[in-house]
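K.L.:
Chain residues, written in single-letter form:
Protein chains: 2
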Amino acid sequence: MKTSDLLVRGAFLCVGLFATAARAQVGYVPTFNADGTVTMKFQAPNATKVQVVPMLKPNGLYKTDIDMTKGADGVWTATFKPDRPGFHYYQINLDGLAVIDPGASLYWGLFKLQPGLDVPDPKLDFYTLKDVPHGTIRYQLYNSKVTGKTRRATVYTPPGYDKSTERYPVLYLQHGASEDETSWTTQGKVNFIMDNLLAEKKAVPMIVVMDYGYATPPGEPVVPTTPEGVRGSGGRGGRNPTSNGNPFELVIVNELIPTIDREFRTLADREHRAMAGLSMGGQESLQIVSTHMDLFASMGLFHPGGGGAFNVATSYGNVWANAEDVNKKMKLIFIASGTLDSLYNQNKGIHTAMDAAGIKNVWYETEEAHEWQPWRKDLHEMAPLLFVDKK
Amino acid sequence: MKTSDLLVRGAFLCVGLFATAARAQVGYVPTFNADGTVTMKFQAPNATKVQVVPMLKPNGLYKTDIDMTKGADGVWTATFKPDRPGFHYYQINLDGLAVIDPGASLYWGLFKLQPGLDVPDPKLDFYTLKDVPHGTIRYQLYNSKVTGKTRRATVYTPPGYDKSTERYPVLYLQHGASEDETSWTTQGKVNFIMDNLLAEKKAVPMIVVMDYGYATPPGEPVVPTTPEGVRGSGGRGGRNPTSNGNPFELVIVNELIPTIDREFRTLADREHRAMAGLSMGGQESLQIVSTHMDLFASMGLFHPGGGGAFNVATSYGNVWANAEDVNKKMKLIFIASGTLDSLYNQNKGIHTAMDAAGIKNVWYETEEAHEWQPWRKDLHEMAPLLFVDKK
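Chains as they are written, first to last, in this note's numbering: chain L, 1 to 391; chain V, 1 to 391.
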């Protein structure tokens, strides 16, 4: 065992079955082995059953729960070959109850800090940190009258932005349900994906803006919430927007876009503004672009969820009904899903409906489920198609 | 109970004593009551003893461990009046073992995500979010040959930076042991403190750079560590620098300062560069400024720890031995400590030694212990004294 695999992080966590005076639990960082397996450990001498539980069975980290084996030292171990590379949420179940190992990496998802395992893909490095020029991640605070709060957006500016006087197109890029404005950087690796594409001159330099996908008017209950300061100043939770004129749409259209166009050197017209998102964020993108084609000429839907079946004739009024009109207005419609995603048929239905109606669109499918690895791929596939008149 | 106080965050955490099929624990966000008390709750029907344990007894959140009382519903409750306002690390002990409530706010400290409670001070608002122009927090990646890693610095740029062509002085500001380059924003509220001072024209607009206070050369074991992606790209852990030529000093002097002077519009001379820090970061500041007065003309030591007694004649060679020479070179020496801090005498010793030797310095003391509330106050007190020729 490498020294770095073993952490003693002081009195911490999740050792409820040891009703002893010991206050520290040894934490174990999962280790990736040369043969493609991963080894996870958990200290629980008094437990009867400990399992690694993938959050997206059968198509996430592993198809089933994985039984750990107890060692003489009270440390449970499991070595298994992940079913697929990429980022996976998981938990450890200790006698049937979810606990966290102190060595686990935690990511904001499922409205909490959730353990996640990012299994490297030996065949893919488009989302890894490389020795190329790096853009900057920055946090933009802005006042929101819609929510009565100061909100926080994450903004990626491309390498050279600060030295340049140029104006840039903007991609608004949204996370999925229960995640937040940091998810595209921590889980999604948006900055590495963009840095690497730009280093290879495969995409146009652009600003990427990632907002918090929930918004709640003052006085309405916000569940769940996390106090300001931990996760920035945006406040947590709020309504999942589904209908026109919802608070999140008003935040984006009336508050965030004007803020970004004021604070950054943007090309502030519809031809140089796109909106895309994954899952709930894909649905938000479809709803907001549908009702604001005056603001956006490009749209990306990555495994969009939550909006029901798409109908060219009736969805969002009649904005999609006239293919000729849509084809004139929209420069890019990018739709992606995964063959292992339960939303696959519904997602592909948007593409086939548009195709049948003669609306130009790009369909991209992966052999993936409803998680971050395909969303990284979706961004990597879509970004080179955006704002191509700027090339 | 307000709806927002009660969180059901799914199967999560720390409920090892309930060896049942139930997988979800109800999480409780601590609530501040009108009478100045705080109410904390923890669901644990099978526990024998549950306590709120302040991490800095007797001078932190509360002087002793606080027994929680079990309700008929299996939820334990404690209502108590915090001994003092400000940010405090704590934990919940369940039958003597440290656990986390799913409703807790977690902060990177003690080399892990640790529960923290920020008790408002009704008499102080200098560190709260106000409706004033906001600066920007951004993350600067940079290559480090010293560590063989890409490191990440947090950078605060003042309101108006992006619209201006002006050059700005720079304060390098370090966190304490076991924390990281995000601590001054999340625990310290550096951006709100600076925004508010600038709005009142009490300080000169400056860039504030916060780096990760550990650095380890390639090949040396790094304990503890957290995988890249969760906490940025800096890597975690490393040696606590104490001697000249240590890796952290080399990172700051040879790598970070040139990066910041290249990437930002800085006034890149010693008169417009300061270094300050708290606890371990204070000791780092003393060591680095002592050995690099060619780079820094201002220094802030907030409850500095780890360096032993300061001796004007012998510490850091003889750089402090000639008061006249030091007084010519150094524009500001700011030393702060708290009367409840165990380092108080040692910290005040630096001030009295300098005073006795005729070295000009500013001493600032608070009735506080070794935690964030005084460090916020220290920054608020020191910042107006920095770079005053720019006023």
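Hints in this document: simulated from the structure, not taken from any laboratory. Keep in mind the model is a prediction, meaning the values are calculated, not measured. Possibly wrong hints are sitting among the right ones.
Treat identical chains as interchangeable: a pair holds within one or across any two.
Calculated pairs, BS3-like style, for lysine-lysine (alpha carbon to alpha carbon, straight line, at most 30 Å) [claimed, not checked]:
1) K112 x K329
2) K130 x K145
3) K49 x K329
4) K123 x K81
5) K112 x K331
6) K145 x K201
7) K145 x K202
8) K163 x K201
9) K145 x K57
10) K145 x K123
11) K163 x K145
12) K328 x K202
13) K123 x K63
14) K130 x K202
15) K112 x K49
16) K81 x K145
17) K202 x K360
K.L.:
Does each hint hold? Answer for all of them.
P.N.:
Tested hints:
For the homomeric pair K112 and K329, neither the shortest alpha-carbon distance inside one copy (40 Å) nor that between copies (50 Å) is at most 30 Å. Taking the shortest Cα distances, K130 and K145 sit within 30 Å of each other only across copies (14 Å), while inside one copy they are farther apart (40 Å). Taking CA atoms no more than 30 Å apart as the test, K49 paired with K329 passes in neither setting, with 58 Å inside one copy and 65 Å between copies. With identical chains, the CA atoms of K123 and K81 are at most 30 Å apart within one copy only, with a shortest distance of 16 Å there and 57 Å across copies.
In this assembly of identical chains, K112 and K331 lie within 30 Å of each other by CA distance neither inside one copy nor across copies; the values are 37 Å within and 46 Å between. Taking CA atoms no more than 30 Å apart as the test, K145 paired with K201 passes between copies only; the shortest distance there is 27 Å, against 40 Å inside one copy. Proximity of K145 and K202 under a CA criterion of 30 Å is satisfied inter-copy only: 29 Å between copies versus 39 Å inside one chain copy. In the homo-oligomer, the alpha carbons of K163 and K201 lie at most 30 Å apart both inside one protomer (19 Å) and across protomers (28 Å), since each shortest distance falls under that limit.
Taking identical chains as interchangeable, the C-alpha atoms of K145 and K57 are never at most 30 Å apart, the minima being 41 Å within one chain and 42 Å between chains. Taking the closest pair of Cα atoms, K145 and K123 come within 30 Å of each other only across two copies (27 Å); inside a single copy the shortest separation is 47 Å, beyond that limit. With identical chains, the CA atoms of K163 and K145 are at most 30 Å apart between copies only, with a shortest distance of 24 Å across copies and 33 Å within one. Taking CA atoms no more than 30 Å apart as the test, K328 paired with K202 passes inside one copy only; the shortest distance there is 25 Å, against 54 Å between copies.
For a Cα distance limit of 30 Å, the shortest separation of K123 from K63 inside one copy, 22 Å, qualifies, whereas the shortest one across copies, 56 Å, does not. Taking CA atoms no more than 30 Å apart as the test, K130 paired with K202 passes inside one copy only; the shortest distance there is 16 Å, against 42 Å between copies. Taking CA atoms no more than 30 Å apart as the test, K112 paired with K49 passes in both settings, with 25 Å inside one copy and 26 Å between copies. Taking the shortest alpha-carbon separations for K81 and K145, neither the intra-copy value of 50 Å nor the inter-copy value of 34 Å comes in at or below 30 Å.
Taking CA atoms no more than 30 Å apart as the test, K202 paired with K360 passes inside one copy only; the shortest distance there is 22 Å, against 57 Å between copies.
Checked against the numbered hints given earlier, the structure breaks hints 1, 3, 5, 9 and 16 and satisfies all the rest.
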